[in-house]
Structure formats: structure tokens, C-alpha cells
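**Q** Put chains B and C on the given structure of chain A with help from the hints.
Protein chains in written order, with the working numbering: chain A, 15 to 315; chain B, 29 to 560; chain C, 488 to 862.
To be clear, the hints were calculated from the coordinates, so they are not data collected in a lab.
This structure is a prediction, so every number in the text was calculated from the model and none was measured.
Heads up, the beta-carbon is just placed ideally off N, CA and C, and yes, glycines get one too.
Errors might be hidden in some of the hints.
Said to hold, decoys possible - To be clear about the criterion: a stretch of chain C counts as covered by chain A if any three or more of its residues have a C-beta under 8 angstroms from a C-beta of chain A, and this derived list gives those stretches:
hint, region
1, 542 to 551
2, 811 to 824
Stated by the list, open to error - Using 20 angstroms as the maximum straight-line C-alpha spacing, the simulated SDA-like pairs for lysine to any residue come out as follows:
hint, chain 1, residue 1, chain 2, residue 2
3, B, 112, B, 136
4, B, 560, B, 283
5, B, 424, A, 81
6, B, 350, A, 77
7, C, 532, A, 139
8, C, 532, A, 142
9, B, 385, B, 519
10, B, 284, C, 682
11, B, 350, A, 82
12, C, 820, B, 519
13, B, 240, B, 140
Stated by the list, open to error - Only part of the chain C face toward chain B is listed, based on derived beta-carbon distances under 8 angstroms:
hint, residue
14, 558
15, 569
16, 572
17, 579
18, 582
19, 586
20, 596
21, 598
22, 601
23, 602
24, 610
25, 653
26, 692
27, 693
28, 698
29, 757
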Amino acid sequence: MISLPPVLDAAKAKRLNLKTSRMLRTQFGSVWTRPWTVISLAVITIWTFLAITAPWVVPFDPLKPVGENLQAPSSTHWFGTDELGRDVLSRVIAGSQLSLPLAVIIVVFSLLVGGIVGLLAGYLGRTVDGIAMRLADLVLAFPQIILAMAVTAAFGPSTGNAVLALVIVSWPLYARIIRSSVLSVREQEYVVSGHLLGSGMFKSLVKDVIPNSAGPALVMSTIELGNAILMLAALSYLGLGPRPPAAEWGAMIALGSQNLSNWWISLFPGLAILTIVMAFNMLGDSIQDYLDPRSRGGKLR
Amino acid sequence: MKKANHSKLAVVAILAIVPLVLTACDASPDSSNGGGSQTLTVDNSFVLKTLDPGFVYEQTGATIVHVLYDTLVTFDGSDVSEVKPSLAESFEPSDDAKEFTFTLRDDVTFTDGSALDSEDVVFSLNRLKNLKGSASQIVSSMSFSATDENTVVVTSDVANPDVPTILAQPSTGIMNSEVAAENGATDADDAATTDSIGTYLDTNSLGSGPYKISSYDPSSKVVLTANPDYWGEAPGYDRVVLQNVDVQNQKLTIAKSSGDEVALDLSGALSADLPDTVQISGVPDTSYFLSLNQDPAVSALTSNRAFVNALRASIDNEGIAKLFGPDATAASGVVPPAFAGALDPSDAPKQDIDAAKKLLADAAISNPSASLVYPAITYRGVDLGTIVTKVQADAKEAGITIELTPQPINVFLDGQAAGQNEIGFSPNSLNYPVAASLVNNMAPGASTSLRNGWTIERADASAIDASEAVIAATTPEGRVAAMQEWQRVMNEVSPFIPMANNSGIVVATENLDGAVYSPAGWTIDLADISSK
Amino acid sequence: MMPVGAQERPPASHPSAPAVDASSAICGSNQRKPFMPLLLKTIAKRLLATVALLWGVTVVTFLLVSVVPGDPAAANLSQQAYDDPEIREAFRSKWGLDQPLIVQYGQYLWNILHGDLGVSQQTNRPVLEDLSRYIPATIEIAIPAMVIAIIVAVALGILSAMRKGSALDNGIRVLSLTGLSTPPFWLALVALYVFFYIFGWVPNGGRLSNMYDPPPTITGMYTIDALAAGQITVFWDAVWHLALPVGILAVLTTSGLLRFVRSSMLEVLDSDYIRAAVAKGLPRRIITWRHVFKAGLLPVLTVSALTMASLMGGAVLVEQVLSWPGLGQYAYKSALGLDLQAILGVTLFVAIVYTGINLIVDVLYTVIDPRIGAK
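Chain A with its partners taken away, still in its complex shape (with noise of 0.2 angstroms):
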């Protein structure tokens, strides 16, 4: 049984506050200078970096056969080739030019739709509220990657599907952030000023919910850059994803995996993901950590 706090003085609060925040806080300072996150912001940047420029960092052009086939690393292919002699370290570089736009551009739609949805359901209340949640009940209902593959396998694998069957599974999570900071707002507006809804609520809602929810939807979004690259291999790895000779690590590690002595070919697009995904899932922990009021003296409520 949670049972309620003892009142205070509220002097002795405060300095109890500080007291026990400083037992909590890290040993650093500011967020943004801990190991943690400058170590996931240069490897964030470095992958960028290399989706940009891609075309001209790659030393071999991975679509192309360059050598032997399947040949263990060497000095000229630090990462070995695969069955069709392409170098693994130009199409692994490569790879990042599908996986981070794709990324970002299913996280930015999931977050539009998942936004609408949820402002709508916030603001519009009762029916719509029922439905929109109870439509994204469903979607959460179906395991995510059945639906995903049932989404790819009913339109033809491809890099379009593949993004459209992963918006289709992710936007009820950003649909619920959004619709739980639209109804706290509400409801403050509601305790505070004790009238009903009239046309000024609305737009001090958007101007109150964006800032309210920017936060949870920031880590959320960061966090699902990561789990969006996880299921996009995924697919890959079924077969279901972009269509070959397109360079997506997942669809190099189902290869890989045909043969797993030649574990180079495997072993490096594996990497890359791990690299990449625990990247912005420390990002993410940074700027959630940033964002709890309690480790930085409340910025944000």
C-alpha cells in the first residue's frame, strides 16, 4: 500500500530537497558533458557523417564486385567481401544511407500521425477519444512484427512497405503521449480557471501541449530512431525489406547468416546496428535525464 507523505515544514524540505538531490546527482555536472552523452552524440555523428558522404568515403563501390568472393578481412578489404565479391566495408558505410533516413523519416511520420491522432483525441474528447484509442489498442493488440511482415507481404517487399508497415505500428505510442499531455493540460486549465471550453482553450492547448509533451515525445522519438533501424533489419531479414542490391544491414546479415563460417559478412552489419541503436538510446537516457525535473532543479513540469 503506497501510503501519503508526512507533512513538513517546509524550510527543512527544501534543504532536505537539495541534500538528498546532491546524494543522487552524478558525479557530473550538465548532462550534455557526462561520458555518456558525448560518447552516443559522436558516434550519432559520426554514422551521420558517413550517410552523407557516403558516395565518397566508401573505398570500393559496394554494388559492384570488387574481388574474390568471400574473402576473410584483409588490407585491401578491411571487412572481407561477400558472395558476390562486393566489399563488406563499402556496403556496411552504405548501409547507413537506407537505415538513418529511413529511421528518421519513420519516426517523423509516426510522430504526425501519432500527433494528430492523440491532439484530436485529447481536445475532441468522448467518441473520438474512444475510438482513436481503442483503434490504437488495437494496433498494440497485433505483435509488432506480424504486422509489420502482414503489411510488407500484402503490398511487395520494398523500401516504401517496409517504412509504411512500421509508421502503421508505431504511431499509437506517440498517439498516447500526446493525448495524456493534452488532457493534463485540460484538466489544469480546467481546475485552475473553472470554466468550460471556449475558443481561447484551444490554442492555449497547442501552445501549452507542445512544450509539455515535447519532452516525453523527444525521448520517445530518439528512442524509436533505434527500435525503427531494429525492425527495418528485422524485415530485411525476412525478406521483406528494401529490394536488392540495396545495402541494408539487415538484409547482409540473413545473407551472412546462409553461412556463418564466413562470419565477417554477419558480424559487421551486426555491429554497425549495435553501434548505431545504442547510440540513440543513450541519447535518448541524456535527454530524458535533462528533462527530470528532479536532477536539474525543475525546468520542466
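**A** Showing chains B and C alone in chain A's frame:
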């Protein structure tokens, strides 16, 4: 606080150790045979729907049904040049190759003790035909009758010297007609709708073969036990377990196995670096070809003969063969090298970009671009996407742009049936192990051809004549010659571009004998395997 | 729902922490209602919503599969058979594919109400029978994975939260993040290669070694059934086969749960009354167990329950790599093979589990903290 942490850590540590302890305790038995009964393990990536001979069409099903049910004739080992007697001691073809008289053995009994006679044969074969399922097509032009208890006459609508080969297929397995009928099977003309035996045959074998069904789980494991009443030589293993194992897993498993194990799907590059201790046997019986749509309404480009031949010239068959693994060969014709009537592999066309460009220029085709549809699967150890990627690259050298369109297998099959694909790509296995069976599908106006718009009207007269010549040949030798000529004609005027052939492969552990790949249709004869 | 190995999401319809903030305190105390009728009302409302949801699931799945441009007949019949119009029609009428969609759907609903989930095109068996085989197989790896995950995640999560900012905390966080960021199928492949091929500690997949026949079926879980039948060697063999899939799933699940436990614990540790308890001078240990543990664990319970539900349907990738004949593999094959009945069966089951768990957790929440139910 510290104590609490320590105890928590202890709990966590103990929990982490437990699984390790468990595995240490049981590290000894691996997936192969332990002490006691003789068990053969067969690692296969299951393609299995039913064990009913009247319906069996998939690979794993065929392997199993072959040792549950006997057929009139059969093949030995990997030799498919001549049928051997099985239930029929002998057979006589008529001169016009339309009637075949089979004389049955009289010492075969089913597991319930009843004798196998011509009634069972006729019942089983008629049922196969009338069920009108995927397996029925091979006997659709035949009719069956019993002249006496031990004699069956098979009559073919058209002259067909390959009837005995067809009757070696697992789907023509003979079942105990009485027990089958008791459980709802029927061979009547309307069997397609009235047969009600359902899944009974998945768990009960009504055959006379060397094995019986012990348990059946189509997603993971099928267990067979030796039939004690078998009329022939007892199989080398009392117990056979077929387990569903993913292909990459198979490779790891067989490399580590201590014995009594075979893997059936390690074709292509997968068989490349296995340890020396395993035995590898294969027969090049699978071909891979492109089909170009000849319907001008679907594609003006692919229905242009010049384009077809230009594409043909631009493809590096040898390079593609390399992708299929060490034993693969470039295709010289649509018949894989395993079968009589195949063209010499050294006659395979070489890549000739200049010729391709010239053909395009002469026909005034500029910037040709077509879409290639293929099933996004791994077949016989090869990812089809890899192959078509190379095709795309080869064609690019001649200035042809190919857009790749992978599809899930079902969507692909559906699209293929609809006949709207510009270029299609698929592997090809024969319905039964005779080259001439290809003519049934790939002559102008035949089913595969129609799916690519190659109607009789659009075909060259030479193709039609060559196909008819094959069918008219009534002796095996005559057929072989006709088939070779047919393939040469096809290479010039057909919309099919064969690229490479690779083998079905069986990998067996060192201690096995008789574990060889068979192109006859059942992949491997489980009853032939014994330990040395 | 969460794919195994992905980050935790806020539980679908619950506050993500015990509601100890101002607004609920105010609202709650104004709206205290009699308990039991409230509980029943909540349950009833939820049940109704559940039924509606399940109905929605059937509609969506049905539509989705029907929209797919693949004729099951083409996929299931040989080329020649398909080309024969008679055979094609026979197949279509056998599977009811020649009826208009509405009729097919109506027929399907009618059958469900009679406990008939149709027949799977890929196995030729009733879907119900298929499910009764594959569900226990998935449960057999999901539950141990879940239990291990909960224990490890709670232990490490509390540790991590207590020692926030320390090297231990950072180490644990890195581990958890690694587990979250790894593609599940890649992890399974690597684990298979290392633990089976290189070390030989675990079998290559499957549920039982070949020399054993499965124990007589009671629950469908080989471990339990073997124990019940007294087949001790079979039991140990089944456990040995569980090691790898359970291990992989546990690692993946622990990562997500760990993070959630940690953040939940941090929130609680930081809350006003914990500070007050510290101020009052209560020993740290009592603070840990009584307040933090209980308060922080409620949301963990929620997330665990939901993760369990997602494990049921989401272990597709792990099952695929390790040849584990469970629900995930069945679902994957059905999705690829456009096996309508099977897909419907799987999604219905998973939806039922998911909404059922949701319902139970809702009820528990209402029981434990009536203020939440009152909102």
C-alpha cells in the same frame, strides 16, 4: 544496505550458474544416436504438408512417403537411367508405348496381414488421378485396370515410354485399399470432393514399405520405425528421425555430428567448407532460368526476339554458376546434366557483350529496361536475390537496365500464374526424372510457356516441330536425340534463358553407407542407409 | 507491443508510476467511492472493451489477408494443377475462397463462436490443434525467460538506482543498453555459433534429442509432462534444449526490463516521502524494502505482464533461428504463406492474452490504488 546488496548479488549469481550446471550435467548426448536403439537423424528444412500419397507433392513429404509406400517400380541409389522392379516383378510395354502390363509379386503383405494385390494398385492409382491435386498431374492421361490378381495394365492416352518412370514416383505409392476405404478414402471419379480420409494417413501408414509412421509433427519432427513385416531387405536403421532444422544450423550440426546423421539442404556454397570427415554426394538436377514474356500487350520489349537473344548473350553463365557453389555448371540447355538428353556442359554459351550490343543496335532498341520478378527465397542453398543481382549487373554491361522485384513466394506464384511478369526467374526441378517431362511444360502452348505468353501462334514453327518430335519418339534413345535437338531449338527461339545448374546434395557423416542423393524425386532413399 | 529486445514502452493504458502527484491526490480524495461496485464496474467495462477489441482484430486481420495479392490456390497447387480450372475451383470451394468476403467473414465468426478456428492451409490440421501444440512450446521458453528476466532486472535495477552515477551503475546501464540495441536474430545467430558450434554446450535447436520420444501430452510442455510421467532423463534433456532459447530471450527481456526498473526506482527514490523517511531517520534498509520496493514494483509488474504478452507472439526471430516449433515460427510461416485461418488464430490468441493481461493488471491497480480506478 551492503548486506542486502550482497545477498541480492548472491541470488543473481546462483541463478546465473544454474543453467550452466544443467548444461554441464547433460553435455554428453548430442543430437545423434546414444546407446541402445539404432537411430538415423535426418536434418532437413521441412517442406511438408501431408503423408498421403495421393496428395504428396512437397520434397520432405516425398522423401518420407517413398519409404512408407512401395511403388510398382523404383530406382536404385542415384541412377535414374533405368527403372528397377519393386512391387512389380516385371513389366511389358506394348509396341506403340501406350499400354504397359505389370506383373506383381505375390509375397507382399500390409501391416494388417492382408496381401497386396492388383485391386490395391488400381485403387491407389485411380485415387491419385481422381483426387485432382498437385500430385495427380503425372497420371492424368493414364487409366488403370486389373486383369487378374497379380496383373495390372496401365494405358496411356498418348504414346509415352516414360510411364514406368512416372510409376516410380512416391505419389504413386500403393496403399491398403480396404483399410483406406474404411477410413473414407475413395478412388471414384468424384474423389476430389468425396474423399474423406483427411489427415488419417499423416499418422497411420497404410503402405507396405520398409518403414511405418511412429509420430508426425509437420513443423518439427517426423519419426519412422522399421516395418517388421517388410517383404524386402530390412533397412539399416530401426528408427529414423527427420527433424526440421534451418539451413545454417544444418551446416553447423553435421560438421559437429559424431555419426548416424545426414543433412539434405546443404547445396551450393554451403557444402564448400565442410570438414573432410563428411561424405558429400550430389547430382546436378536443378536448373535456373529466366523467362521472358512473349505477349506484346505485357511488354513490347521482352516479346522482341532480338532483346531475348541480346539478354541471353549478355549473361555470364559461368559467373552465375560460381555463385551456386563448387559443383555447379553453366547451363547449355534447359535440361540439367543429370538426365539423359542433356546437352554437353562445355557447350554452354559464354558471355558476349559485343554480340548483345550488336543485336540491340540492329533491332534499333535503345535504353532497354525491364522488370525482373522473382521469389525472395533461398532455394537449394542459394539466395535467389544474389543470382538476380548478378544478372542485373551483367545486363547493365550491355546497356540493359533490369529492375529487380522480389516477392514473397505466394505472391510470386500467383503473379506467375497470372502471366503478367515481364521477366520471371525461378528454379526448375523436373516432375519426374526424365528430360522429356520438360517438354510437357515448356513446349509452345504448354503450361509454363502460356504463363509467359508463349502461345502456339507466337511460337516459331521450329519449336513446335521439335516438341512434337520429342513426343513422337517411342524409344528412350529416340527421345534422347529428340531432346537434344529440342534444346538447341529452344536456345534460339524460346523465351527461356537457362543460366546454371546445381545439385541437390546429401551430406552424410563418415560412418554411413548408402546415403546418396537421388534425383529420382525422393532426395534420398532412407531405407538404403546403414552404418558401416 | 514490444518486440523482444526493443526498449520498454510505457504500459498501454496506465500511469507509468504510482500516482503520488498532486492532482490525483486532490481528485482522489474528492471522489472516493464504495469499493466493490467500482471494481465490478471496472471489470465489466473492460470486458466489454476487450470483446470489442477482439472483434476489431478479426476484422482487421481478415481484411489485411484478403487484400494481399496472392491467391492461396496458386501458392498451394502445382503449376499444372492450378492451370486446370477444375482443380483450381475444387481447391477454392474447399477452402471457401469462392464466397464473397462478407460471407467468408460471417462464416468465420460463426465458427469461432462454436470453438472452430478453421483449418490451417499449411499444416492441414485444425488451427486449434496447431495452437495447442505451438502455444505450450512458446510458453515453455517465455515463462522461464520472464522469470529470470524479472529476477535479474529487479536485482540489478535496484542496485543500479541505489548507486546512481557510480561505475557499477554505468556498467549495468551499458550492459542493458547493449542488450536492447542488439538485433535479436543476430544475437541468436551469434549465440548459436558460439555456444553450440564452438563450445558444444547446448544442442543445435529443437525441443528434444532424437533418441527420446515426447512424453505423453498433458500440458504440451515437455518438461512438465516428462516430470509428470516420471521420465527423468527426458526431463533433463528437454531442459537442456531450453537453455539456449531461454537464455537468449532472457538476455533480451532483461535489458528492457532493467532499464524500466531502474528509472522506476529512481523516481520513487526521489519522491517526497522517501526524502521524508530519510529525514525521519529511518534506516536505509527499511526504506529500501518497504517503500521503494513496493512502490517501484507496481509499474514493473505492469511492464512485465505486458512483456510476457509480447513474448508470446514476438519471439519469431529467435524461434526461427533455433528451429523452436512455437507460436512465433507458426505465425511467421502463416504470414508468409497467406494462411488466413492460421494468421487469424494466432492474432486472436495473442490479442486475447494481451487484453487479458491488461485487464488483470487494471484490476490489480484498482485494488491496490483505488484512486486510479476512480479517475
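**Q** None of the hints should be skipped; say for each whether it holds.
**A** Structure-based check of each hint:
no.: 1; hint: 542 to 551; verdict: holds (count 5)
no.: 2; hint: 811 to 824; verdict: holds (count 4)
no.: 3; hint: B:112 to B:136; verdict: 17 angstroms, holds
no.: 4; hint: B:560 to B:283; verdict: 19 angstroms, holds
no.: 5; hint: B:424 to A:81; verdict: 19 angstroms, holds
no.: 6; hint: B:350 to A:77; verdict: 18 angstroms, holds
no.: 7; hint: C:532 to A:139; verdict: 18 angstroms, holds
no.: 8; hint: C:532 to A:142; verdict: 18 angstroms, holds
no.: 9; hint: B:385 to B:519; verdict: 18 angstroms, holds
no.: 10; hint: B:284 to C:682; verdict: 12 angstroms, holds
no.: 11; hint: B:350 to A:82; verdict: 11 angstroms, holds
no.: 12; hint: C:820 to B:519; verdict: 38 angstroms, violated
no.: 13; hint: B:240 to B:140; verdict: 12 angstroms, holds
no.: 14; hint: 558; verdict: 5 angstroms, holds
no.: 15; hint: 569; verdict: 6 angstroms, holds
no.: 16; hint: 572; verdict: 11 angstroms, violated
no.: 17; hint: 579; verdict: 12 angstroms, violated
no.: 18; hint: 582; verdict: 13 angstroms, violated
no.: 19; hint: 586; verdict: 16 angstroms, violated
no.: 20; hint: 596; verdict: 24 angstroms, violated
no.: 21; hint: 598; verdict: 17 angstroms, violated
no.: 22; hint: 601; verdict: 19 angstroms, violated
no.: 23; hint: 602; verdict: 19 angstroms, violated
no.: 24; hint: 610; verdict: 5 angstroms, holds
no.: 25; hint: 653; verdict: 12 angstroms, violated
no.: 26; hint: 692; verdict: 6 angstroms, holds
no.: 27; hint: 693; verdict: 6 angstroms, holds
no.: 28; hint: 698; verdict: 5 angstroms, holds
no.: 29; hint: 757; verdict: 17 angstroms, violated
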